[in-house]
Amino acid sequence: MLLLETTIFYLLLGVTVAVAVYIRGDGRMDVNAALQLVAACVFWPLFVPMLLATDEASTASRSPAHPAKAEEPDALSAAIDQVEAELDAALSGLDGWAEDVLNSEQHRLEELRTAWKLQADRIRQLDRLLGEPAARVDSLSEVGGDVERARQSENVRQGNIRQLIALRNQMHADLVGTLAWVRELVTMIHLAKFSGAPAARAEELVVQIAAAVQGLSEVSAWREQEEVAAR
Amino acid sequence: MYASERVFRPRKPPAFLKSSAVEHQSDTAPTAAVEEVELEQIGEPDDPRDFSALAIAELLLKDRWRLYRLLRVPTAPAVLLPWLLAIALAGFVLFGVTMALVMSAAGKWPELTSIAAWIDSPSSAPLSFEAIEAPLGELAPWVNGKAAALVFAYAFGLVAASCVCLPSLYFYCLLAGVRMTMVEVVVHAVKSKAVAAVALVGILPIYVAIAMGVTIFDASEPVVQATMLLGLVLPFIAGFWGTAALYQVFSRLCETMPPNRAKRRKCFLRRLVLSWSGIYSVVMPVMIYSAWEVLSRVA
Numbered sequence: 001m002l003l004l005e006t007t008i009f010y011l012l013l014g015v016t017v018a019v020a021v022y023i024r025g026d027g028r029m030d031v032n033a034a035l036q037l038v039a040a041c042v043f044w045p046l047f048v049p050m051l052l053a054t055d056e057a058s059t060a061s062r063s064p065a066h067p068a069k070a071e072e073p074d075a076l077s078a079a080i081d082q083v084e085a086e087l088d089a090a091l092s093g094l095d096g097w098a099e100d101v102l103n104s105e106q107h108r109l110e111e112l113r114t115a116w117k118l119q120a121d122r123i124r125q126l127d128r129l130l131g132e133p134a135a136r137v138d139s140l141s142e143v144g145g146d147v148e149r150a151r152q153s154e155n156v157r158q159g160n161i162r163q164l165i166a167l168r169n170q171m172h173a174d175l176v177g178t179l180a181w182v183r184e185l186v187t188m189i190h191l192a193k194f195s196g197a198p199a200a201r202a203e204e205l206v207v208q209i210a211a212a213v214q215g216l217s218e219v220s221a222w223r224e225q226e227e228v229a230a231r
Numbered sequence: 232m233y234a235s236e237r238v239f240r241p242r243k244p245p246a247f248l249k250s251s252a253v254e255h256q257s258d259t260a261p262t263a264a265v266e267e268v269e270l271e272q273i274g275e276p277d278d279p280r281d282f283s284a285l286a287i288a289e290l291l292l293k294d295r296w297r298l299y300r301l302l303r304v305p306t307a308p309a310v311l312l313p314w315l316l317a318i319a320l321a322g323f324v325l326f327g328v329t330m331a332l333v334m335s336a337a338g339k340w341p342e343l344t345s346i347a348a349w350i351d352s353p354s355s356a357p358l359s360f361e362a363i364e365a366p367l368g369e370l371a372p373w374v375n376g377k378a379a380a381l382v383f384a385y386a387f388g389l390v391a392a393s394c395v396c397l398p399s400l401y402f403y404c405l406l407a408g409v410r411m412t413m414v415e416v417v418v419h420a421v422k423s424k425a426v427a428a429v430a431l432v433g434i435l436p437i438y439v440a441i442a443m444g445v446t447i448f449d450a451s452e453p454v455v456q457a458t459m460l461l462g463l464v465l466p467f468i469a470g471f472w473g474t475a476a477l478y479q480v481f482s483r484l485c486e487t488m489p490p491n492r493a494k495r496r497k498c499f500l501r502r503l504v505l506s507w508s509g510i511y512s513v514v515m516p517v518m519i520y521s522a523w524e525v526l527s528r529v530a
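Here the protein sequences come in this chain order: A and B.
Start counting the first sequence at 1; every next residue gets the next number (our numbering).
Start counting the second sequence at 232; every next residue gets the next number (our numbering).
Please keep in mind that the hints were generated in silico from the structure rather than gathered at the bench.
Here the structure is a predicted model, which means the values were calculated and not measured.
Please note: incorrect hints may appear among the correct ones.
[What the hints assert, rightly or not] Short derived list, chain A residues pointing at chain B, Cβ under 8 Å:
| no. | residue |
| --- | --- |
| 1 | L3 |
| 2 | A34 |
| 3 | L35 |
| 4 | Q36 |
| 5 | A75 |
| 6 | G131 |
| 7 | A150 |
Each residue gets a CB set at the ideal place from its N, CA and C atoms; glycine is no exception.
If we strip away everything but chain A, and leave its shape as in the complex, we get:
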């Protein structure tokens, strides 16, 4: 009898959770949604944490526009944190093995970390800019479609937006590529240390990591040159 009562209460809770999942969903009722509701009813403990979590995940999953862009800055920060932690672990694990070069490159290593964060900030700013309605909605073309000058301006505007998107993608690729490159070098430092390599090899790897900052500074340099030219 105890088992029957437990089952009844379990399924009652399950039905409640399934209803909550349905209400929180997008209102569709196809085969997938029906299976999800059955799963929520039977395995409700798995669905409860999602219902109690903040609305961010579920609302984001429902919005069709710009799928992963809004969450990307978080992903970038997480990636930077991870690479920084791995880099710290590798450098602290050197135990004075390549101390001279580490001291001399300390400044550039700091610069590298700052460059990562700045780059991530710029990407976020561009994402925000490109996510604004002005960058997507073309309301002027409706009213100024027959005006030649307005049409030309709109073409130029669209071109500029495309350039911004290309620039953002380039910056993203640079950042992610540098992070991956540094991770690779970090593993090589570990490999060098544990395989009994000469200290010169570790020094070379540290220099390479520090030099990665130059890959990121290209866009910044381009912007600085533009500013100087403008003056």
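Let chain A serve as the given structure and place chain B on it in line with the hints.
Relative to the frame of chain A, chain B by itself:
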């Protein structure tokens, strides 16, 4: 040149790194020992909604690192949890159906004693294989609902045991210093179930071949019973893959801690994950057995 030096020669730097300090030297050929990092794998994060159940199953088999990255996208749990659960359930249902087929073909069906009765008088084994004796012959378990009870007990028990153990896994993570939300813990636990289910489906054909061999060549009674018993514990064997997948996730999260803490906590976390696996290994068989025994009685 040192022997080790050849192993860790840096590979060609990415094209965007223009620094002279990282210019590639032509004689520094990469070797097989250095596993190359594919930059494509670390590109823009994927959109979870682009993945169907089959695509996720493929990731579970071929590219778990990409799935791990995918699960870190904040929208992922809501989208991927049902798919991962579906994969896990599909694998376990397939296992249940296969086991029912194998036992029907062998003409044996397990008779279960309730746990309470067995604790009261533990003289005989809680599970014994009896010959199927019914007018319908080997089809009887499929008609009287015993096959359905077996399928449901395994599919439900394997996942429900995770539900029971989830809070302890969450607190273990907090104890180890890994900052995970309950949703992340749930999604990684279900992912480990899906990994176990895929592994189970992978080893199932080998088992079926063995079981069919035992049946066709009319092996002795103890061999038949041992083969049936082996089949019933297959999900526990496949569960090791799931546990390993879970541990890999937590190890990676450990790497995001500050280095001085990560070193200390990693060992602690390893023990906690092992402890959790221990709890799970106790809860899971009890859950499956109880559900199976009750449903068999009802059937």
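Tested hints:
1. L3: 6 Å, holds
2. A34: 11 Å, violated
3. L35: Holds - the Cβ of L35 of chain A comes within 8 Å of chain B, reaching about 7 Å at its closest.
4. Q36: 5 Å, holds
5. A75: Constraint on A75 of chain A satisfied, holds at 5 Å.
6. G131: With Cβ-Cβ at 15 Å, over 8 Å, it is violated.
7. A150: 35 Å, violated
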